[in-house]
Amino acid sequence: MGENHHIILFSALDWGLGHTTRSIPILTHLNNTNAQLIIAVQPQSASEKILQRHFPHAIYVPLPGYGITYSKKKRFFSLKIFLQIPKILKAIRKERRFVNQIIKTYPVQLIISDNRYGFYHPSVPSVFITHQLRIAAPLPLIENWIQRINYRYINHFSQLWIPDFKGTPNLAGKLSHPARLPEKCKAHYIGPLSRLTETTLPTPVVQDNESATEASFKYLFLLSGPEPARSILEKRLLEAAAELKAKSILVRGLPAEAKKTDGVIEAEQRPDGLKVIHYADPALLGRLIKSVDFIICRSGYSTVMDLILLGKKGIYIPTPGQTEQEYLAKHLMDQHWGFCFNQDEPNYKARFDQAEDYTYQLPSIEKENLAQILEPLIESGGF
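So in our numbering, the last spot in the sequence shown is 383, and the numbers never skip.
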């Protein structure tokens with residue numbers, strides 16, 4: 001570790017890959033400034049594999065994830081999360097102890113946490129990244145109660161970075177633009193983040209005689225998120241693909257199952273014309289998204305940012321019971337920034353036809369220089 005390197009400690013919540021992937025542009029900027037990254041992550045996890053591909057020279061230290069499990073049934077989704085609150089609080093306490101130990105071992109100068117509430121230190125400038133200032137819940141009374149708890153934790157940090165547009169219209173609606181912001185933590189809207197808008201990774205190809213991006217695909221099925229919801233949606237989409245009279249490609253979102261040799265990613269060609277890839281690196285995924293007409297995906301916030309910044313038409317299927325995704329999908333459809341329907345919809349083919357006739361009014365976005373946004377914030381934070 002060089003003496004002139006700024007030392008930055010980072011970790012992201014392990015609820016899906018979105019918290020990890022959306023932080024990649026920030027980490028890339030810091031890495032380009034010759035900073036030494038220390039990344040705390042669950043060993044052998046999908047998040048670790050993705051980050052190692054982007055930042056092979058970072059120092060990786062083991063930190064267990066929250067290990068949250070999810071209900072297969074929508075009506076029990078919120079209840080199952082609620083019953084795991086003791087586990088979440090225990091994980092937050094472990095994060096505090098972990099950070100205290102790291103600070104004793106390394107001269108850390110900046111801490112960045114994507115939605116890990118205990119990942120801060122009172123003597124080190126600490127940044128919290130989130131778009132969920134008001135967490136969606138079934139009732140406003142519950143939302144108010146959750147927001148008070150949310151702000152209590154966020155106020156331990158020096159700065160709050162919100163990945164959304166500052167004004168209206170915006171991506172996350174009331175989630176990122178509540179009536180009031182945290183009082184003790186300086187809040188800054190830094191704009192949407194996407195690892196797909198820029199990448200320095202080598203360009204991968206798909207292993208068969210037809211390049212995935214040269215082929216004429218109409219639909220891209222993009223799977224993500226926690227199990228078992230991910231597998232349930234995959235089954236429905238595989239069934240729907242057989243009814244479509246259009247070439248389609250499905251990315252399963254499973255980096256651990258992807259086989260890659262010399263920059264070639266293996267693909268499976270199904271008899272119904274659907275091409276299946278276990279995982280797509282950012283370079284390939286970005287080209288796939290740009291090359292198709294429609295992307296069918298979850299309404300996870302990181303995916304939403306990717307599609308909006310790339311100017312693509314999204315057909316969003318929120319994870320059943322995930323109130324945030326359900327709210328985001330409806331918010332986007334209300335603004336004509338996307339089309340949505342529920343996972344239990346009996347006829348996916350009919351919904352895809354409706355989406356083709358839907359009037360999209362996607363925003364025209366001028367690309368902002370992330371470095372120009374972040375540098376003043378980091379300097380003002382005492383880094």
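Think of the hints as simulated: they come from the structure by calculation, not from any bench.
Ideal placement from N, C-alpha and C gives every residue a C-beta, glycine not left out.
Hints may be right or wrong, so weigh each one.
[Said to hold, decoys possible] Restraint ranges, calculated between C-beta atoms of paired labels, are given here: (1) E227 x Q52: 19 to 25 Å; (2) P376 x E356: 41 to 47 Å; (3) Q361 x Y60: 38 to 44 Å; (4) A371 x Q42: 25 to 31 Å; (5) P86 x K247: 18 to 24 Å; (6) P86 x P346: 36 to 42 Å; (7) R97 x L238: 33 to 39 Å.
[To be verified] Straight-line C-alpha distance at most 25 Å; calculated DSS-like pairs for lysine-lysine: (8) K290 x K349; (9) K80 x K49; (10) K235 x K166; (11) K80 x K235; (12) K312 x K166.
Pairwise beta carbon distance, Q361 to Y60, judged against the given window 38 to 44 Å:
holds, 43 Å
Quick check on a hinted range of 41 to 47 Å for P376 and E356, using CB atoms only.
For P376 and E356 the Cβ distance comes to about 44 Å; the hint holds.
Is K80 close enough to K235, meaning Cα to Cα at most 25 Å?
holds, 23 Å
Is 19 to 25 Å right for how far apart the beta carbons of E227 and Q52 are?
The hint (19 to 25 Å, Cβ to Cβ) holds, given that E227 and Q52 are roughly 22 Å apart.
So if I understand the rule, the pair passes when the alpha-carbon distance is 25 Å or less; does K80 with K49 pass?
violated, 28 Å
Hint check: K290 vs K349, CA-CA at most 25 Å. Holds or violated?
OK: K290 and K349 at ~22 Å, within 25 Å.
Does 18 to 24 Å hold as the CB distance between P86 and K247, or does it fail?
violated, 48 Å
R97 versus L238 beta-carbon gap, inside 33 to 39 Å or not:
Hint violated: Cβ distance 44 Å, outside 33 to 39 Å.
Are the Cα positions of K312 and K166 separated by 25 Å at most?
holds, 21 Å
Kindly confirm whether 25 to 31 Å is satisfied by the beta carbon distance between A371 and Q42.
holds, 29 Å
Would the hint linking K235 and K166 be met if the CA-CA limit is 25 Å?
violated, 38 Å
P86 paired with P346, Cβ distance criterion 36 to 42 Å:
Holds, since P86 and P346 (Cβ atoms, about 38 Å apart) stay within the stated range.
Hints 5, 7, 9, 10, counting from the list given before, are not met by this structure.
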